[in-house]
Amino acid sequence: MMKTWISLPLIFLLIFLPFFLSQYWLHVMIISLFYVMMASSWNLIAGYTGQISFAHAAFAGVGAYVSGMLAVNIGIPPWLGIFVGTFVASLLGVGLGYLCIRMGGIYLSLTTLGFSEILRIIITNEDRWTRGTMGLQIPGFFTEYSKMSYYFLFLIVSAVFLFILYRLIHSEMGLSFRAVLNDELAAASSGIDTIRVRILAFTISSAMAGMAGGLYGHYLMLITPDIPSLGQMFLVLAMAVIGGMGSFIGPILGAFVLEVLSEYIRIYGEYHVLLFGLVALGVARFAPEGMVGVIKKRWKVKESP
Amino acid sequence: MAEFLMYFTNGLVIGVINAISAIGVSLIVGIMRVINFAHGELYIFAGYFSYHLSLTFGLSPILAMPLSVFFIFLIGILMERLLIRPTYGDEMYSLIITFVLSIVLQNSALLIFGPYPNKPPALISGSTQIFGLFHYGNQRLLSFGISIGILLFVFYLIKKTWFGKSVRAISQDREMASLMGIDHWRINMISFGLGAALAGSAGVIIAPIFPVTPTGSSAISLTAFVVVVLGGMGSLKGCVVGGLILGILENLGAAYVSTMYRHIFAFIILILVLVFRPWGLFGQKT
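Residue numbers (our numbering), protein chains in the order written: chain A, 72 to 376; chain B, 250 to 535.
Take the hints with a grain of salt, since some may be wrong.
Pairwise CB distance ranges, derived in the manner of DEER restraints [unchecked claim]: (1) I397/B / G340/A: 43 to 51 Å; (2) Y169/A / T410/B: 52 to 60 Å; (3) A358/A / I397/B: 40 to 48 Å; (4) E424/B / W200/A: 52 to 60 Å; (5) T305/B / I82/A: 55 to 63 Å; (6) A257/A / K486/B: 18 to 26 Å; (7) F404/B / A358/A: 50 to 58 Å.
Just so you know, these hints were derived from the structure itself, not from any lab.
Using N, Cα and C, we set each Cβ at its ideal position, and we do this for glycine too.
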C-alpha cells in the first residue's frame, strides 16, 4: 500500500517532468537513467551475492563498441546492434564468471580489474577500428535527433531492467542469492549450487551493463575509451555504495543524487571524483547500508518515540 | 644475440622489482585475506616522494629513498588502522574500500603532483659492459642489487624472526595463533605497513629508471596481482618466480611483439593460470 502511494506520483513525475525541463537538464536526466541501469544491475551481484566485479563499466564498453562498430562498418542498425552487444557482454560474463567464481571473490575482483584495463588498452591502441581516444562517431537510434525520444527510450528500458531485477530478487532465485551472501556454507548444505547461482547473477548483470552501454553509446553518438574506464566503474560503484548496496532503491537514489551533484560540482573543476571517493569511503566505513540505511533508521526513530 | 640478452637482462631487473611489489600484496592477502587495490598508488606515491625529497627539498637520493619508503609504511599503518581493520571478515567491504581508496589516491596524485611523469635523480651514472656483449646502465645494475638485498631481507624476516613466525602462524590459522598468545591486531597492522612499504620500495627503485605517472598505477597493481596469482596466493617463493617470469616475458614480448601490448601478456598469463592451474605455481590446491 505504502509503496503504491510513493511510486504512483513518482511515475507521473517521471513521465511529465521532461516536458518542463531544459535540453540541458533533460540530458542530465538521460545520463542519470543510464547510471540507474548500471548501478542497479551492479547491485545484483555486489549487493545480493557479495561479489565485487570491476568490469561493469568494461561490459558497458563492450556493448557500446560492439554495437557502434557493427553500425559503422557493416551498417547494422543500432536497434539490432545493441542486442548483439548485450549478447557479447553476457558471453564474456559467463566466461569470466566461470573461470573466477569457483576460486572465490578475490579472484573475480582481480580478474575483472585486469579485464577492464586490457579492454581500455585494446580500444585505445586499435585506433584503426575504434579511433582510440579520438572517439568513434556512431549513428543514433532515431533519424530525427530529439532528446525527448531518448529520454523515454531510457526510461522504458530502465523500467524494464528494474522490473526484471525486482522479480529476480523476490523470486526463489533471489532467495538463494541472499542465502549465498549470508552464509555460503549453510546455503551449500541446503542444496543450493552456490557457484552456479553466482555465475548466473554475474552473467545477468553483465548482460544488463552491455545493453546499458549500447544505449549510452548510441545516445552520445561518440564513444571513447572513457566508457569502459575504471573511473566510470568507480562512479557506478560509488552510486551503489552511497545510495545503499543490497537494497533495491539504494542504487537508483545514488545514481540520481550523484549525477545531479556532479553537474553542480563540475563548475568548480574536476573534483567530483575525489569528493565522491571520500564520501564513499566514509559511507562504506561508517554507514555500510548507505543513504537508504540512514533514512530507514531515521524513519524508525520517528515511528517509535 | 646481444640484443636478446639485453632484453632478457631488462626482464630480470624488472622481474625482481615485480617480485618485491608482489610480495607486498601477497603478505597482506596471506594474513588478512584482503587485496589492497591501492597497491599501485602507494608505489606511485613513493616514486613522487623520492622525486620531491631529492629535487624539491634537496635531500641526497640515498636518504630520500628510504625516507619515502618509511612514509609509505606509515600510510600503510594508518590505512589498516582507520579503514581496513573494521572490515575484517567482510571480504566485500575490504575490496570496495581499497578500490575507492585507489581512486582517491590516484586523483590526489593528479592534483598534488600533476599529470606529468617525474623521474628522481639516479644514484649513479654510466654503464658497464656485460660479458663483452652489451653496455648496461649502472643505475639498472644497482637497482637489481638493491632489489636482491630487499628480497633477502624479507625472506630472512619471514623465515627466521619471531615476527615472521607469528605472520606464518596467523596465515595458517588465525584463531589458533591468537590462542597461542600472538597479538594478531599488531601483526596485522605491521604486516599491512610492511606490504605498503614493499610497494613503496619497488616504486623508489623503479622511478629513476621509468618515471612514475598518476595514471600508471592500475597497471602496476595489475602486474602485482598477476604475479601473486601466478606464483600462488600467499607464497613468497611464488612471488619471486612469478615476478621473474612476468618480467622476462613482458620485456621480450614488448621487444619482439608489441610495446603497446606489454600488459596484455600479463592478462593472458592470468587467464591461462586460471584455466589450467588456478592455485598457481606454488600455491596449495584446496
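Fill in: Index of numbered hints that the structure contradicts, given in increasing order
Going through the list in order, the structure violates hints 2, 6, 7 and respects the others.
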